[in-house]
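**Student:** Sequence:
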Amino acid sequence: MKQIGQIPSPKGRAKPHWRRYVNDSLLALGGGVLVTSLIAAGHLYPRIPTISLVYLLVVVALASTRGLYAASLASLLAVLAFDYFLVPPLYTFVVSKFEDLLTLSVFLATAVITSQLASAQRRSAEEARGRERETRLLYEQAQELAALQERQRLARELHDSVSQALYGISLWAHTVREALESSEPEQAKAAIEDVLTLAEAGLAEMHALIFELRPESLETEGLVAALTKQVEALRARYKLTVEADLVDEPDLSLEKKEALYRIAQEALHNIVKHARRSSSKCATMGKVLIQQVLSQDTSVCAQCGSVSQR
-14 MKQIGQIPSP
-4 KGRAKPHWRR
6 YVNDSLLALG
16 GGVLVTSLIA
26 AGHLYPRIPT
36 ISLVYLLVVV
46 ALASTRGLYA
56 ASLASLLAVL
66 AFDYFLVPPL
76 YTFVVSKFED
86 LLTLSVFLAT
96 AVITSQLASA
106 QRRSAEEARG
116 RERETRLLYE
126 QAQELAALQE
136 RQRLARELHD
146 SVSQALYGIS
156 LWAHTVREAL
166 ESSEPEQAKA
176 AIEDVLTLAE
186 AGLAEMHALI
196 FELRPESLET
206 EGLVAALTKQ
216 VEALRARYKL
226 TVEADLVDEP
236 DLSLEKKEAL
246 YRIAQEALHN
256 IVKHARRSSS
266 KCATMGKVLI
276 QQVLSQDTSV
286 CAQCGSVSQR
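Take -14 as the starting number for the sequence shown in the numbering used here and just add one per residue.
In case anyone wonders, no lab produced these hints; they're calculated from the structure. One thing to keep in mind: the hints can contain errors.
Stated by the list, open to error - Straight-line distance between alpha carbons at most 20 Å, and here's what the computed SDA-like set of lysine to any residue pairs gives:
#1 Lys214 to Arg247
#2 Lys214 to Ala252
#3 Lys214 to Thr182
#4 Lys241 to Glu251
#5 Lys214 to Glu251
#6 Lys214 to Thr226
Source: prediction; values computed, not measured.
Go ahead and model the full structure; you've got the sequences and the hints to work with.
**Tutor:** The structure is reproduced here in structure tokens:
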């Protein structure tokens, strides 16, 4: 089984830093050229004094997707392009108005704030994905652990029941052979009865274990059949007198039947435990009622009563 360890954060194939800077620079330059060309071609400035705010679209887009460097460069290029190509006197970087400096400051502030917000959002998204991966891995490991525990439980039951039954059959078979060789038919007959009893017990145990290994049998054969097999296994294995009073097959979902089956199975095991420990005073147990309310008006009962040792 896999051990639970620190879950590494998956990292994509990182690009060289210089290549990222080159790409960011080209995007910032391309965005500035595009907006400047549109404004110049439409002669939108100075007819629309606030047309420079269109550059903010490029700044915000780069800040959200590429980061602080691309947004800051786009802000600087936007101010320079706007001042050089659109603000009189043309083709100079002379800043004759306070508004131009204010525009640059606004662009830079927008770039910084948007970049920080976008970076925080990306970190939160990465952390959420990491928690999701960790939860999924823990869930898979929990399923593996549950399956392993179930296999170990079935292996113990197989060893405690079927293996012992087969061993007992082997011993009694030798006894039968010795009795027949000694011409003692009564002893051989008694030994054969024990062999049959152990064989029936092993068969009942195998039926019960196979039923647990195939959960879909609960859906095809039903809850009553499953509990009946459990009772038969108890009778054969522990030599108990078990009277089962089971109601008709309930009309319930498979999940609810499985839950009720586990409850009844645990109750039957408790009956065996107390019956085996009981003395002559407690040879007979009172009725054990298992009732699981599975919906508002639906309940299913499995009664196992009058359990006593032979």
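**Student:** Between Lys214 and Ala252, does the CA-CA distance stay at or below 20 Å?
**Tutor:** 14 Å, holds
**Student:** For Lys214 and Arg247, compute the direct alpha-carbon distance and say whether it is at most 20 Å.
**Tutor:** Judged against 20 Å, a Cα distance of about 13 Å means the pair holds.
**Student:** Just to be careful, I want the Cα atoms of Lys214 and Thr182 compared with a cutoff of 20 Å; is the pair within it?
**Tutor:** 16 Å, holds
**Student:** For the pair we were handed, Lys214 and Glu251, check the Cα-Cα distance against 20 Å.
**Tutor:** 14 Å, holds
**Student:** Sort out whether Glu251 lies within 20 Å of Lys241, counting only the CA atoms.
**Tutor:** 16 Å, holds
**Student:** Just to be careful, I want the Cα atoms of Lys214 and Thr226 compared with a cutoff of 20 Å; is the pair within it?
**Tutor:** Roughly 14 Å between the alpha carbons, so the hint for Lys214 and Thr226 holds.
Consistency note: the structure conflicts with none of the earlier hints.
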